[in-house]
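Take a look at the letters that make up each chain.
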Amino acid sequence: MNLKHLLIGTATVALLAACSSTKPLETAAPTVNGSAGAGQSATLPADTGAAGQGSVAVDPLKDPNSPLSKRSVYFDFDSSAVKQSEQQTVANHAEYLKSHPTRKVVIQGNTDARGSREYNLGLGQRRAESVKNAMQVIGVKENQLEAVSFGKEKPKATGNTEADYAQNRRADIAYDGE
Amino acid sequence: MPIVKTLIRAMLLLCLAAAGAARADMTIEIVGGGANRHAIAVLPFQNETTQVREALTPIIRNDLLLTGAFRMVDPASAANPAFEPAQINYPAWRGAGAQSLAIGKVEAAGGQVKISFRLFDAAQQKQLTSGEFTVTPERSREVAHTIADMIYEAITGQKGIFNTRISYVLKSGRDYLLQVADMDGRGAQTILRSKEPIISPAWSPDGGKIAYVSFEAKKPVVWVQNLVTGQRRIVANFKGSNSAPAWSPDGRQLAVVLTTSGTSQIYVIDANGGGARRVTHSNAIDTEPAWSPDGSQLYFVSDRAGGPQIYVQPVAGGSARRLSWDGSYNVSPKVSPDGRTLSYIRRQGGQFRVVVQDLASGDNRVLSSGAYNERPSFAPNSRMVLFASDEGGRSVLYAATPDGSSKVRLAVINGDVQDPAWGPFNHP
Numbered sequence: 001m002n003l004k005h006l007l008i009g010t011a012t013v014a015l016l017a018a019c020s021s022t023k024p025l026e027t028a029a030p031t032v033n034g035s036a037g038a039g040q041s042a043t044l045p046a047d048t049g050a051a052g053q054g055s056v057a058v059d060p061l062k063d064p065n066s067p068l069s070k071r072s073v074y075f076d077f078d079s080s081a082v083k084q085s086e087q088q089t090v091a092n093h094a095e096y097l098k099s100h101p102t103r104k105v106v107i108q109g110n111t112d113a114r115g116s117r118e119y120n121l122g123l124g125q126r127r128a129e130s131v132k133n134a135m136q137v138i139g140v141k142e143n144q145l146e147a148v149s150f151g152k153e154k155p156k157a158t159g160n161t162e163a164d165y166a167q168n169r170r171a172d173i174a175y176d177g178e
Numbered sequence: 001m002p003i004v005k006t007l008i009r010a011m012l013l014l015c016l017a018a019a020g021a022a023r024a025d026m027t028i029e030i031v032g033g034g035a036n037r038h039a040i041a042v043l044p045f046q047n048e049t050t051q052v053r054e055a056l057t058p059i060i061r062n063d064l065l066l067t068g069a070f071r072m073v074d075p076a077s078a079a080n081p082a083f084e085p086a087q088i089n090y091p092a093w094r095g096a097g098a099q100s101l102a103i104g105k106v107e108a109a110g111g112q113v114k115i116s117f118r119l120f121d122a123a124q125q126k127q128l129t130s131g132e133f134t135v136t137p138e139r140s141r142e143v144a145h146t147i148a149d150m151i152y153e154a155i156t157g158q159k160g161i162f163n164t165r166i167s168y169v170l171k172s173g174r175d176y177l178l179q180v181a182d183m184d185g186r187g188a189q190t191i192l193r194s195k196e197p198i199i200s201p202a203w204s205p206d207g208g209k210i211a212y213v214s215f216e217a218k219k220p221v222v223w224v225q226n227l228v229t230g231q232r233r234i235v236a237n238f239k240g241s242n243s244a245p246a247w248s249p250d251g252r253q254l255a256v257v258l259t260t261s262g263t264s265q266i267y268v269i270d271a272n273g274g275g276a277r278r279v280t281h282s283n284a285i286d287t288e289p290a291w292s293p294d295g296s297q298l299y300f301v302s303d304r305a306g307g308p309q310i311y312v313q314p315v316a317g318g319s320a321r322r323l324s325w326d327g328s329y330n331v332s333p334k335v336s337p338d339g340r341t342l343s344y345i346r347r348q349g350g351q352f353r354v355v356v357q358d359l360a361s362g363d364n365r366v367l368s369s370g371a372y373n374e375r376p377s378f379a380p381n382s383r384m385v386l387f388a389s390d391e392g393g394r395s396v397l398y399a400a401t402p403d404g405s406s407k408v409r410l411a412v413i414n415g416d417v418q419d420p421a422w423g424p425f426n427h428p
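Those protein sequences? They're chains L and U, same order as listed. The opening position of the first sequence corresponds to residue 1 in full-length UniProt numbering, with each subsequent residue numbered one higher. The opening position of the second sequence corresponds to residue 1 in full-length UniProt numbering, with each subsequent residue numbered one higher.
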């Protein structure tokens with residue numbers, strides 16, 4: 001038994017001891033359900049606005065017959081411009097936000113394309129920012145708006161037809177507390 | 001005493017791999033073939049089928065084969081088995097075409113096993129390298145990888161990568177699993193499970209942490225997770241989207257993409273979060289930063305000239321220089337650790353191909369044959385490129401040599417593999 005063997009043996013024992021005191025990652029792997037970020041990632045304050053709108057009997061945001069029930073803004077292929085047909089949707093939500101200054105929305109941009117996940121995140125962001133800018137032009141305060149992107153990661157339609165792709169070229173308007 | 005150091009490295013790896021060891025989560029298949037491979041005979045080690053759980057030499061042969069640099073000479077080519085140098089029939093091995101041969105044995109050593117090997121040049125009849133490892137029997141797999149590393153280095157002069165790890169996101173049903181596995185796809189373990197997308201995992205240079213983007217907070221947020229403790233923390237959660245983390249070579253900083261300016265721009269933050277400094281200034285999408293090995297430059301994607309292209313710019317500030325000129329869509333750049341080669345994805349006739357570009361000359365070649373490939377990354381010795389490839393609706397991993405002569409498939413049995421990243425030499 002030379003010095004090398006001794007060293008190896010010692011190192012082995014020490015390291016095995018270290019192993020046994022380390023929890024295997026399989027059991028330690030955190031699981032997240034995505035519903036609330038487990039409180040570790042403060043994103044938006046809790047909904048404090050709705051309760052303040054005392055005179056409104058039915059929240060138009062929850063009324064399926066309200067124009068505000070339409071929450072998606074669709075885009076043309078390779079475009080982030082809010083097209084004519086979508087401008088009314090943007091305007092409806094902008095007016096609501098102007099009259100409810102405590103309400104906040106997250107505008108979630110999406111893409112249909114294949115390709116780089118990160119570049120698609122940028123493209124979805126561009127669409128969300130476009131809707132955000134349109135709302136600001138109408139007079140919504142910047143602090144009521146957050147533009148984020150899901151890129152190509154959360155497609156509404158998973159098929160490969162043009163109709164599917166059109167469904168995914170989209171920005172969704174999500175109110176705080178939803 | 002390099003053997004001791006290597007062993008300590010192997011043992012630490014084992015601590016990490018303890019959970020999912022020895023389960024074959026992936027299968028390896030050598031797809032390509034190449035000329036000028038080194039012909040080696042790896043003779044079965046004495047008692048390797050009785051003293052340890054899994055024979056060592058099949059692992060060693062597999063490791064050497066997947067680099068594309070070796071050709072195996074049938075161990076049965078010479079009549080007599082050899083476990084000791086004196087037993088080697090050199091003329092017989094030379095006759096079988098072997099340029100080198102490895103012998104070895106496994107011996108009981110108390111509750112442990114002593115694994116020893118020697119590598120000889122068949123023509124010179126000279127020992128090229130040797131090693132001896134005393135471990136518990138279940139640790140033999142890591143010793144096999146270490147022996148393969150030593151053989152690889154003795155023959156090619158390059159450092160071996162067989163004890164390195166890879167990370168990727170496994171899409172399994174509706175779940176996203178961030179996994180870490182040995183580079184041969186074995187020992188996969190889940191480090192994070194989520195119902196919301198996880199993208200863009202990136203290894204810290206010390207191999208101890210992974211930065212990634214999680215959508216669990218209903219927006220992209222950059223997290224860093226410690227692989228030893230399992231602890232995770234947010235490092236970038238600014239208003240808007242936070243994504244594309246890339247570690248600086250010294251591990252102190254992260255390049256990230258933030259949208260606080262109204263479009264995706266590249267910033268450098270402290271690796272523990274905070275201190276955001278803007279690096280790119282355009283009205284376009286600037287994303288997918290990758291550091292040069294000396295930490296002075298950032299390679300990135302920008303669509304400032306229309307379609308997305310690859311650029312490079314000093315981290316300290318300065319003008320950007322465009323590097324990709326072929327095709328209208330070039331994304332996902334990574335620089336080889338030796339700083340010589342750039343790999344990225346090019347859209348070509350509706351297909352997404354892995355491209356390898358010589359940084360000095362600008363010459364580039366298409367590496368992958370599949371229709372849809374994503375996110376190439378280099379092995380730490382710069383000798384292989386890992387990428388994901390869509391095959392009949394599901395995504396698998398390939399490792400290829402940058403010259404395109406050899407390709408290996410690492411196929412996960414259940415689910416799609418996305419966003420692979422090859423880890424560094426280092427282990428925590």
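Think of the hints as simulated: they come from the structure by calculation, not from any bench. Quick reminder that beta carbons are idealized off the backbone N, C-alpha and C, glycines included. Don't take each hint at face value.
[Said to hold, decoys possible] With a Cα cut of at most 27 angstroms, we get these calculated DSSO-like pairs of lysine-lysine:
hint, chain 1, residue 1, chain 2, residue 2
1, U, K239, L, K83
2, U, K171, U, K126
3, U, K159, L, K70
4, L, K156, U, K126
5, L, K154, U, K126
6, U, K239, L, K141
7, L, K70, L, K154
8, L, K62, U, K159
9, L, K70, L, K141
10, U, K239, L, K70
11, L, K98, L, K141
12, L, K62, L, K141
13, L, K154, U, K239
14, L, K98, L, K83
15, U, K159, L, K156
16, L, K154, L, K62
17, L, K70, L, K156
18, L, K156, U, K114
19, L, K154, L, K83
20, U, K239, U, K195
21, U, K114, U, K159
22, U, K159, L, K154
23, L, K98, U, K171
[What the hints assert, rightly or not] Computed footprint of chain U on chain L, listed as stretches where at least three residues anywhere in the stretch have a Cβ under 8 angstroms from a Cβ of chain U:
hint, segment
24, 106-119
25, 142-149
26, 158-169
So, going through the hints one by one against the coordinates:
1. At most 27 angstroms may separate the alpha-carbon atoms for a hinted pair to count; U/K239 and L/K83 meet this at roughly 26 angstroms.
2. Restraint check for U/K171 and U/K126: the C-alpha separation of about 50 angstroms exceeds 27 angstroms, so the hint is violated.
3. Between the alpha carbons of U/K159 and L/K70 the distance comes to roughly 59 angstroms, so the proposed pair goes past 27 angstroms and is violated.
4. Straight-line distance between C-alpha atoms of L/K156 and U/K126 comes to about 65 angstroms, which puts the hinted pair past the 27 angstroms bound.
5. Proximity of L/K154 to U/K126 is assessed by CA-CA distance (about 60 angstroms); at most 27 angstroms being required, the pair is judged violated.
6. For the hint linking U/K239 to L/K141, the alpha-carbon distance of about 15 angstroms falls within 27 angstroms, and the restraint holds.
7. Distance restraint check for L/K70 and L/K154: the Cα-Cα separation of roughly 19 angstroms lies within the 27 angstroms cut-off, and the hinted pair is therefore satisfied.
8. The straight-line distance between the Cα atoms of L/K62 and U/K159 is roughly 62 angstroms, outside the 27 angstroms bound, and the hint therefore fails.
9. Of the pairs offered as hints, the one joining L/K70 and L/K141 holds, with about 21 angstroms between alpha carbons and a cut-off of 27 angstroms not exceeded.
10. With a C-alpha separation of about 25 angstroms, the suggested pair U/K239 and L/K70 falls inside the 27 angstroms cut-off, and the hint holds.
11. Pair hint L/K98 plus L/K141 holds up; C-alpha atoms about 8 angstroms apart against a cutoff of 27 angstroms.
12. A distance of roughly 23 angstroms separates the Cα atoms of L/K62 and L/K141; the hinted pair therefore holds under the 27 angstroms criterion.
13. Between L/K154 and U/K239 the alpha-carbon distance is near 20 angstroms, which keeps this suggested pair within the 27 angstroms criterion.
14. Annotation: proposed proximity of L/K98 to L/K83 holds, straight-line Cα distance about 22 angstroms (limit 27 angstroms).
15. Under the criterion of a C-alpha separation no larger than 27 angstroms, the hint pairing U/K159 with L/K156 is inconsistent with the structure, at around 46 angstroms.
16. Restraint check for L/K154 and L/K62: the C-alpha separation of about 24 angstroms stays at or below 27 angstroms, so the hint holds.
17. Between L/K70 and L/K156 the CA atoms are separated by roughly 15 angstroms; this keeps the pair inside 27 angstroms, and the hint holds.
18. Distance hint between L/K156 and U/K114 is unfulfilled; the C-alpha atoms sit about 57 angstroms from each other, more than 27 angstroms.
19. Between L/K154 and L/K83 the alpha-carbon distance is near 22 angstroms, which keeps this suggested pair within the 27 angstroms criterion.
20. For the hint linking U/K239 to U/K195, the alpha-carbon distance of about 22 angstroms falls within 27 angstroms, and the restraint holds.
21. Restraint check for U/K114 and U/K159: the C-alpha separation of about 24 angstroms stays at or below 27 angstroms, so the hint holds.
22. Distance hint between U/K159 and L/K154 is unfulfilled; the C-alpha atoms sit about 41 angstroms from each other, more than 27 angstroms.
23. Taking the CA atoms of L/K98 and U/K171, the gap is near 41 angstroms; set against the 27 angstroms cutoff, the hint is violated.
24. Judged by the Cβ-Cβ criterion of 8 angstroms, the segment 106-119 of chain L is covered by chain U as claimed, because 8 of its residues qualify and three suffice.
25. Requiring three or more residues with a Cβ within less than 8 angstroms of a Cβ of chain U, the coverage given for the segment 142-149 of chain L holds, as 4 such residues are present.
26. Counting residues of the segment 158-169 of chain L whose CB lies closer than 8 angstroms to any CB of chain U gives 0, so the stated coverage by that chain is violated, three being the minimum.
Hints 2, 3, 4, 5, 8, 15, 18, 22, 23, 26 from the list above are not met by this structure, while the remaining hints are.
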